[in-house]
Each structure stands twice: as structure tokens, then as C-alpha cells.
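*Asks:* Heads up: the sequence lines are chains A and B, in that order. Position 43, counted from 1, in the first sequence is what this note's numbering calls 43; the numbers after and before it change by one each time, with no gaps. Adding 1000 to a residue's 1-based position in the second sequence gives its number in this note's numbering.
These are computed hints drawn from the structure, not numbers from a lab. Relax, there's no trap hidden among the hints.
Example chain A residues on the side facing chain B (calculated, C-beta under 10 Å, incomplete):
(1) R9
(2) V10
(3) K11
(4) T13
(5) A15
(6) I19
(7) I20
(8) F24
(9) V55
(10) F64
(11) F74
(12) A83
(13) A84
(14) A233
Quick reminder that beta carbons are idealized off the backbone N, C-alpha and C, glycines included.
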Amino acid sequence: MFDEKPALRVKLTFAVFVIILGAFTALNRVITPPEVSQSERRTLAAMPAFTWKSVTSASFMDGFEDFAADSFVFRDALRSVRAATVFYPFMQTDKDGLYLGAFGAGKFTPLDETSARQTAAKIRKAAEALDGLNVYYSVIPDKSVYAERNYPSFDVDAANAILAEELPEVTRVDLYDSLDNGSFYRTDLHWDQSRLSGVAEKLGSKMDFEYDAQTFYSETAGEFQGVYAGQLALPVKSDVLTYLIPSGTLTARYLNEKTLEWEYGEMYDLDAFSGRDPYDLFLRGAQPLIVIENANSNSERELYLFRDSFASSLAPLLTATYRKITLIDLRYINFAYLPEFVTFERGSDALFLYSSQILNSPAVLQVQ
Amino acid sequence: MLFSSVTFLYYFLPATLILYYLTPTPQGSPRYRNIVLLIASFVFYAWGEPVYSILMVGEVAALWALGLLINRFRDRPASKAFLVLSLVVGLGALAFFKYSNFFITNINAISGADISLLKLALPIGISFYTFQTLSYSIDLYWGKTEVQRNPLDFACYVMLFPQLIAGPIVRYADVAAELKDREHSLSRFSAGARRFVIGLAKKILISNLLGELVEICKASPEHSVLFAWLYIAAYTLHIYFDFSGYSDMAIGLGHILGFKFMENFNYPYIATSVTDFWRRWHISLSSWFRDYVYIPLGGNRVSKPRFIFNILVVWTLTGFWHGADWNFMAWGLYFGIILLIEKFLTGKLLEKLPKALSHVYVMLIVCVSWAFFDSPSFSAAGAALSRMFGFGAESLAGTESLYYLRSYLVPLIIGAIGCTPLPKRIAEKLLASETRLGKAASTALEPLTIAVLLIVITAFLVDGSFNPFIYFRF
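Only chain A is shown next, with the shape it has when bound in the complex (with noise of 0.2 Å):
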């Protein structure tokens, strides 16, 4: 079985399996890894600390696998051989849930039944507390349900079945038809404020008012690669963000977390779209509280909107409507907490708009 004198093939093979796993080693003790993944937006896991308790419970070992993986050179460049031999040579249709499709990629999101319905538990608690306001609330379907024709997508018509279950007394918004497989980012999982034109519409047709999207006009900030890109690891065409500005005077204040301040700010964080998720250049991204006041408005209504990341881009569609929009986003500040910066206006309008993820996590929701 084994020749004295090795043929070419057998000294090769044998030269191959050394250099690859000596080159790999000696690399990875070489060349320090870095500290941020900027594609997967996320800390790589650092060297564990390296004490007798941590050896004894496994947690150094567990910690060491993650960081050995996190922490191996050309990590970007080898996610992209895995993506692309999942998607070529396996000729699969998603990699770790993730698909790209004709109009981009995206995420398969399935609906959650028993999470959806303690999602909508929450928001009747809070909506219930909400005494004299006009209380809607609307679900942003995933972009997978816009996606090409057999994906197992979020279900849109059991999440309305669950969500009109359990809030029989708050007004639904049905944004279904409203949007399409262009409303949203190619490479990301928001939707994309230029094409929100309907969204509104349907908003204002339900919530009295009208959205005329010629006050409006656009500015560009450029191309970016968003998050379903990063985590695909595969080239997908760039998008270009565009924002819209709407005219009048407009401030906009947050809720310093730390010091419970209140801070001013622009609208739109030009410099945000150069950072880790350029998404965040609408309303500095997550953020607990934030108003935005527009003291040209001819309207005395005020907006309550209760939301997740894709309110940051709609929120600025609505100034023209109301004088006042407070964005609350319950996943940063406790509902119980709110009437300390919060005064909420009787007869004014409420607004529960998440998006499908959020309908699968109630845990996020600080509503007790």
C-alpha cells in the first residue's frame, strides 16, 4: 500500500495538505485580526481570558472556537468561497436563510404564531393604556413576501388574523398592497424612503389626512452595500440612498440614553451613511425617543409613533401632516417610563408600526 519511492502524486498531495495548513497557521498567528467585521456589522469575538475557572467550566474552550473562527485571516474572502459554493456548485436556493433573488437579496423571515400574538399582547396593553387618542397599528411585511414565487416567506394573511384577533379595538393599516418588490433595498432589509409614496398614501386614507409627495424633493447620499449584502458575502449591486427633504422649518431632538437630556440634531446624519450601517443616517438610527416638530405645519395634529428602524425613513414623510411626530421605540425605553418625557395628547393619533422581525420577537418590547 505504501511504495517505497512516492510517486510525484503522493509527494504533491503531501506538499499540498502541508503548505495549506502550515501557511493558515502560521498567517493566523502572524497578522492581528481585526476588531469589527465591517461587512457582517458585528464585534469578532476576542481571545477569551485564559484563568482556572474559565479552563475547568469550558467557557475558554467555547470562547477560543469562536474566536479561532472570528478571528481567521481572509475571514471575508473565505465567506464569499463558502457563499459561493453554496449557491454554485450546491446550486442552493438560500445560505443560512439568506437568498438573492431578482430584485436583490433578503432573508427568509417565517411568521412566528405564538410570538406574533404575544407581540400583539403587548401593544394592546400599551395601546389600551393610550386613553383618548386614535390608536392604529400597522405590520411591514417582509421583503421575502415580494420576493420570487416559492420562497417560504412571513405570512401576511395569518399575521392580519392574529393581529385583528388580538386588537379588535385598534384600527389596522394593511400596508400589504402598498408596497412591492422595489419599495425595499436590494442589499438591505429596509424600504426605501423614495418609495414610499403609497405607503403614505394609505397611512393618510385610513388616518385622515393627505400625503402630497410633491413638497418634497431629493437628495442622493450615495451607494452602499446594506446588511443582507454583508451577511450573504457574495458581490450584489450596490444601492443608492436617497433621501427626501421636506420643506419647511424642522427640528428634531433625541433622548440622550445616558444623561436623559434632551439633544438637538439634523433629521438626516450625513455622516451616519459613512459609519457601520449607513441606514442610520435617518434619525441617528436606534434611538429611544425623538421629536420632530415642524413650525411651518398649517396642522395642530401630533403623531405618536410607536416603531422600529422602519419608522426612521417614513417618519419624515408625515411632517407635512403633523406639527409634531414623537417616535417611540419600545425596544430602548420602558413603556412605563414614557410619561416622563412624554405628555401624550388626548384626541391626537397613535401609531404601532413594525415590521415582521419585530412581530417575531416580543421579547424586544419593554411593555409590561
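For this one, chain A is given, so just place chain B on it according to the hints.
*Replies:* Showing chain B alone in chain A's frame:
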């Protein structure tokens, strides 16, 4: 530590190989290299089981000492007593850690008692290394092998990291000579590297992918006929590539380190009878039960009722070895009964059947067995099997099952072809080519394949998270 991890491939293995090959072999003796292997194996095991590594060291020390005593009192009654003590130590640890809660649960169920379950984690690989040590004690008592006086060499045999936690179940007699003197050569290293990479590819590129499909099928709310078939097809291939991939890696690493371990699989899914299947599946386990349980019980040189009893005992134990639950025992018993049916009723008929029909028969029997093997209860297994034939299914196919059939079709086809000897035959034909072009191609093909596989495997290890080993729980 998993073979299929960045830590093993790019930290542990290079460090171990460098230390191993830098260690001198005075007069050709690998005794220092055995010490390197022993230390490396301890680190390998302690990486996943820091506390239980002490248990294993204790067990190894006890069984080594008892081996000395079995040998010292050879042909005297004390020798048998020390053998029994060895069995008590080995099987006692296995029974305590693996089967205590099974017995407590059943005692509680029968008697209405309320004995608390033990909060014990199963030491990884305990079923494998216990059977290895038992083979040493029994063979020593029978005089089939010589005593190992060097505790480090004995520990090296038991703890040898390539086969420590998921086999093959290597018998001491098979490696005793190699512990004293073994061949290291470029050819052997190269063959080992090739085998290791192929095993890793089977595990990472096929088994893990199909394992994902298995989990999807189990988690889906869609109860369709198509999903039931997808589940069983995926699981059938997943378990084969998982376990045979691990065995390939173990055998390959053995070659790299100068050891020759027994083959554990021989294309079991091309078997033409269930008897044939068990000659090809987990060979080291079935041959262990044959030599240490079946033959001592009398084998087939006994009366028919006794033979039936022997077969049923052996196969119930085989099932019980796989897991401390009734469904594993039922799984073993199921095979025992089918083997008896083949022996007394259908054996001759199967020989006359066209091969294609025999394969269909074996695959049906095996697929049904996997439903029991993977199910948490009889009723769950029954439901999964019923759905395959339309009973209890909500539809023939749904959006989800059709989607996943399309998504996993190529991995399923690769798996179905890969579990036959076809790829090996094609490779052998290419390597045997006599033309100049053919020779050049065959020279380049193997190293190129190994390079591509290693890089793709690394990519999956760096970016993947789904990486279980089915046989680790045994």
C-alpha cells in the same frame, strides 16, 4: 475538540504534528512520540471535557493495573476475579454516567417512586473508550494479547486522539505492535492526509448540509408526504456521512501518525441484505459484539432457541449501546428480528432477487430504522413513518417542502452517489490511466482536489455554525 473545527485544524493538529515529528525515535522506538501523543490526546479530550478527563485518566490507570494483575495470576482463579473487576470498573462507569437516569426513570414509572434524576453530563466518547479497554482486559484474560507493562503506552492506546471519542473501536491487539514500532513515511502521511481531508469533506460539505435539512424538516409546521420523505432521505445520508466521515478522519490521522486502524464502513447502503448491511456498517462495533458477546454466548453452534436468544440479546445490547432509551433498544431488537427472519426465512429468496430489488428492500428496512433511531418516542417515529405513506399527512407537498427539495436537491444527489463506490472507482480509473495526458492529469488531480477541498472546508468552518456530531452522544 471536534476534528471539524478551526481549533483542531489550524491550532491543535499543526502543533501536534510539529512536536510529534520533531521528537526523536531512538533505535526506531516511538516511545517518546507516544508520550507526545498521550499529552496531545489529553489536551484534545480535556478541551471538551476538562473535568471528565480526570475520570478517564483514573479509569485508564485502574484498568492498566488490573491488566497487570490479570496477567500475573494467569490460569488461576484470581485472574478471573481481576477480569470481573475490570469489567465492573469499565462497565460501572459507563452504566453510571450513561444509563443511571434511564434506570431511575423506569423505576419511578413502574414503582411510582420519586427518585431524583442525576444531573450528569455524558462523558464524550465513554461508550467507545470503555469498549476499547474491555477488549484489552478480555483479550488479556483469554491470552490473545500480551500485557502492556508501560502505563504511558497503555494510556496512549486508550486515549489516542484520532479514535478516542467516536471510534473506530480499536482493539489493543491491533495496535500493540505499532505502539512499539511503527512506520512513518511520506507515502503513509500522504495517504493519511488524503483520507483525512476526504472524511472532513464528507462531514462538512455533505453531512452538515443534510443535517440542516433534517432540522428544517423536523421544525417545519408543514406535515406533508414530501417533507416526510425528505426527512428520512436526508437523515439516512446525514448519519452515514457524519459517522463514516469521522471514521475516515480517524483512520487518516492514524496513518499520518503511523497507525493502521481497522475500517469501520464499507459502503453499507449498497448492501443486498440486512445481514450484509451489518457487515458494512460500524464494523468495529458489530465485530466487537460478535467476538465479546455473541461467540461467548455460544454463537450459532447451539440449539435453535438458544441461537435466537443469542441474536436478540446481542442486538438489544447493540441498540442499548447507542443510547439509554427504549427506542434505541427497539431499534436494536428490530434489526435482530430482521436478521433472524433473513437467516430462517428470506435469506435464500434475497439471494435470488434482482440486485435493484434487494437494495430497495435494504434501504426501506434501514430508513425505517433511522426513524426510530432519531425520534424522541415511539409515537413520534410512528407519526414520521406514517406520513411517508400519506397517513396523517396534511398534503402531498407544500410551499416549504417544495422549496427545500429544490434547495437541497444537489446535496442529496451528491450524497446518494457519494455513498456508493462509484466516485472511488472513477478516481481509481483516472489514476490508472496509461496515456501521457492521463498520467499528467492523474498526478495533478489528487493534490488539486485536496487543495480545493481544504480551502472550501476551511471556508465552511470559518463561516458555519451548524456542526454537530451524531455519534458524540454515544
